[in-house]
Each structure stands twice: as C-alpha cells, then as structure tokens.
Amino acid sequence: MDTTSVLDLPGLLAAVAAGDRAALRIVYARQSTRLFGVANAILRERDVAADALQEAFLRIAGRAGQFDPARDNAEAWLAAIVRHAALDMLRARGREMPTDDPMLGEEAEAAQAEARMIATAEGRSLRDCLARLEPRSRAGIVLAFVHGLSHPQIAERLDTSPGTVRSWIRRGLIALRGGLA
Amino acid sequence: MIPADPAEREALAGEYVLGTLTASEARGIERAMDTDDALREAVLAWEARLAPLTEFAQPETPPPGLWERIAGALDPPAAAAPAPAPRPSGIWRIWALGASAVAAALAALLLLSPKPEPRLTTVLLTQGDQPAWLVEADRGALRLAALNPRPLPPDRVMQIWALPPGATAPTSLGLIPAGEGRLTVAPEGVRPEPGMLIEITLEPPGGSPAGQPTGPVLFVGRLVVATGS
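Chains A and B supply the protein sequences, listed in that same order.
Every letter in the first sequence is one number past the one before it in UniProt numbering, and letter 85, counting from 1, is 85.
Every letter in the second sequence is one number past the one before it in UniProt numbering, and letter 13, counting from 1, is 13.
Keep in mind that the hints were calculated from the coordinates and are not lab data.
Be a bit skeptical, because a hint or two may be false.
Claimed, not checked - Which residues of chain A face chain B? A few of them, derived with a C-beta cut under 8 Å, are:
{"#": "1", "residue": "Arg21"}
{"#": "2", "residue": "Asn40"}
{"#": "3", "residue": "Ala50"}
{"#": "4", "residue": "Leu53"}
{"#": "5", "residue": "Gln54"}
{"#": "6", "residue": "Arg83"}
{"#": "7", "residue": "Arg91"}
{"#": "8", "residue": "Glu122"}
{"#": "9", "residue": "Leu126"}
{"#": "10", "residue": "Val142"}
Said to hold, decoys possible - Computed footprint of chain A on chain B, listed as stretches where at least three residues anywhere in the stretch have a Cβ under 8 Å from a Cβ of chain A:
{"#": "11", "region": "10 to 22"}
{"#": "12", "region": "48 to 56"}
{"#": "13", "region": "65 to 72"}
Backbone N, C-alpha and C fix where the C-beta goes; we use that ideal spot for every residue, glycine too.
Chain A extracted, bound-state conformation:
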C-alpha cells in the first residue's frame, strides 16, 4: 500500500490545473500503466493506444480544473478521459480495430480483473449487480465498456441483431441503476 502523501492524485490534479507540468508528469508516472491498459483494451493496437493516451493527457492538462475532489474519484476521472479519447479514436477509424482476439471478453483474464475490481466497495457492489444480470446483458455491457465494441460487433459475437443487443444492454443498465445506489 502506498503511504498517502501530500501529493496524492487529487492534489496533483489541482497542481495540473494550475499549469504544473511536473505534477502532470507524476500523474503519468503513477497512472500510465493502468491507463495505457484501458486504452489498449479498447484499441488493441499499441501504436494507436499510445496516440489515445497522448490525446488523453492533453485533455487531462486542459480539463484538470474541472476535476472536483469532493465529487470525483481521481482514478475514475482519469480513466473516463482515457476511455473517451480511445473511443473517439475508435470511431474516427470506423471501429475497424480487430475484434477476433480469442481472449476478448472471455473468462481467462476475468479472475485477475475481478480481484482488482472487488478491491473497492464500489467495485464489489457493481460486481454483485452485474452478477445478477442476464448473462447476455452482462456480456454486452462488459464488451462495450472494456473493449469498445459497437452494437453490431457485439451482435456478431452473441449471434443476434444489433437492435436486440441494444435492448439487452439497456435492460442491463436499468437494472444496474436500480441496484446501485
């Protein structure tokens, strides 16, 4: 466990908002492995994921003033920026990134991932809610959120139509919203 320091992530983001590049560099040093993983899970090409992480850090530098330590979790706030930068890149490329990775969305990496996820109370609640969803709703949500798959791509994997996938996912989202405070 890291010792909490004066320069924890919220403090660093306040410094980034004030234009401090060294603080941004510390954020990068501490978070880039996790965040590059987030971009790479969506884009699945290291070069493109690196471009997305670069774009994300430009956005972080520009938007750090919007980070609100009273409302936002710093790690989640950073990851959301990275995800949307990666999703933008994915859409700009017409979602042509390969989706035939046999490991994609499968259980092999799930044990480790679940261990990381349930390290927090929020993660445990989400895990429990996801576990209560229909498997196809759960699969759709995870494939979209983690791997950036579109409705048609998920439909192909689950052997159904994009419209059906969309309604499964919406049903799942409604259940999650009800299950999480």
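Starting from the known structure of chain A, fit chain B onto it as the hints suggest.
Quick look at chain B alone, frame taken from chain A:
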C-alpha cells in the same frame, strides 16, 4: 437532438458512457452536456457507476518515450517558458529543473489555506521524482516533514544542505536525527530565499567529513514562493 423523455435520456447517458453511441450521437451528448445540467449529472453518475469495470482492462506499460511526446505536444519548444535566470552548476542544475516545478505544485495545494504573507516551500523529490520531504521556511528557519519515511543503511546518516541562488558551494544545515520524520533547522549564515536549493545526502556517521556533500543525493528541491491568487 436530446429527447425529453427521462427514461430515454437516462439510457442515452448510459450508452454514451458505455461507448456504444455513434460518433455523431456522442458529439450530440457532449454538446448538450455544456448546457443541460441534468444530462451532465446523469452522465457523471454513469461514469461513477461503471468506473470499476475499467479494472477489466489488463494494465500494460506504455511504449518508452510516450511521456516525452506528450510533453512536446503540450509545450512545443518555441512556446517554452523562459528559463530561470542564474543557474548553479553541476548536479545542482540538473536537479533544479524538475524540483522547482513540483514545488510549484505544492504552492498550488497551499492555496487551500492561503495566508497573507508569502511563504517559501518545496517538496524534496527522490531520483524517481517521488515526493519525500515537505520543506517550509518559517522566518529564518526551515521546517521539514517526511512524507514517506524509508529506512536508512545502518551506518549512514542523512545530512541537509542549502545552496542559495548564485552560490557555488552548498552549506550544511545539519544532520537528521535517526528515525526523525519532523524537524526544524535554523541555519546560521544562510537565510531561506526563493530559488534556494535544499538537498539531503547520505553521509557517514557524524556527517560529511569534507564540509561538502560526499554521498549520493537522496532528495532535492528548490524553495519557491507559495503564492495565493
């Protein structure tokens, strides 16, 4: 066009966060969030709910040199900030660069409790840029607080040094008693001032016999004014 139906808005906010909207739908949500506070709140709530799912992404080391690319994109060389005027030589100069900027980070943090008179502070960093000691000038004295105490080799002590701007050799501010995480030093002949470098080196018991640092530099930073705004 963002619909008025609450259920539909909620679903779109969730789908925006999931990433399943098309590019133009996503842009539409982003534009609407600028003026539609309720939609913005719905999106932020979905970001918070689904955030733990990012743990499903396998952490991976980014390619080497990516930070340098980012730094270059943020501050193209032509637009670089002017360099500070007088620079000391050797190792002091190398350390001066990163350390002063992080001291500015601390200055930003101190805005949370602004005080009328300007204060001099810095954070001493390790070689790996990890914050290690918080230093604050208090009139003629310096207060030091360890942020992340680490054990020392048994036969070594930590010695504090100061290098005022323009000086060519550092002055010893004394030794840090073993296991001490907080101390105040009142250096003679050296007054804390903006730009003064503070470093801690690893020395033999009793301190450096040479009157100059002999061991490796453990931590270093430069005093800056913690300004309010």
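Now for the hints, and whether the structure bears them out:
Here the hint on Arg21 (chain A) is kept, as its CB sits about 6 Å from the closest CB of chain B, short of 8 Å. The beta carbon of Asn40 (chain A) is positioned within 8 Å of a beta carbon in chain B (closest approach about 5 Å), and the interface hint is therefore held. A hinted interface residue such as Ala50 (chain A) counts as satisfied when its beta carbon comes closer than 8 Å to some beta carbon of chain B; here the least separation is about 5 Å, so the hint holds. At about 6 Å, the closest approach between the beta carbon of Leu53 (chain A) and any beta carbon in chain B falls short of 8 Å, and the interface hint on this residue holds.
Taken as an interface hint, Gln54 (chain A) checks out: its beta carbon lies about 5 Å from the nearest beta carbon of chain B, inside 8 Å. At its closest, the beta carbon of Arg83 (chain A) sits 7 Å from a beta carbon of chain B; the interface hint therefore holds under the 8 Å criterion. The beta carbon of Arg91 (chain A) is positioned within 8 Å of a beta carbon in chain B (closest approach about 4 Å), and the interface hint is therefore held. Hint status for Glu122 (chain A): holds, given a least beta-carbon distance of 5 Å to chain B, under 8 Å.
Interface hint at Leu126 (chain A): satisfied, since its Cβ lies 5 Å from the closest Cβ of chain B, which is below the 8 Å cut-off. For the restraint placing Val142 (chain A) at the interface with chain B, the shortest Cβ-Cβ distance is roughly 6 Å, inside the 8 Å limit, so the hint holds. With a cut-off of 8 Å between beta carbons, the region 10 to 22 of chain B has 9 residues touching chain A; three or more are needed, and the interface restraint holds. Counting residues of the region 48 to 56 of chain B whose CB lies closer than 8 Å to any CB of chain A gives 9, so the stated coverage by that chain holds, three being the minimum.
For the region 65 to 72 of chain B, the assignment as covered by chain A holds, since 5 residues bring a beta-carbon within under 8 Å of that chain's beta-carbons and 3 suffice.
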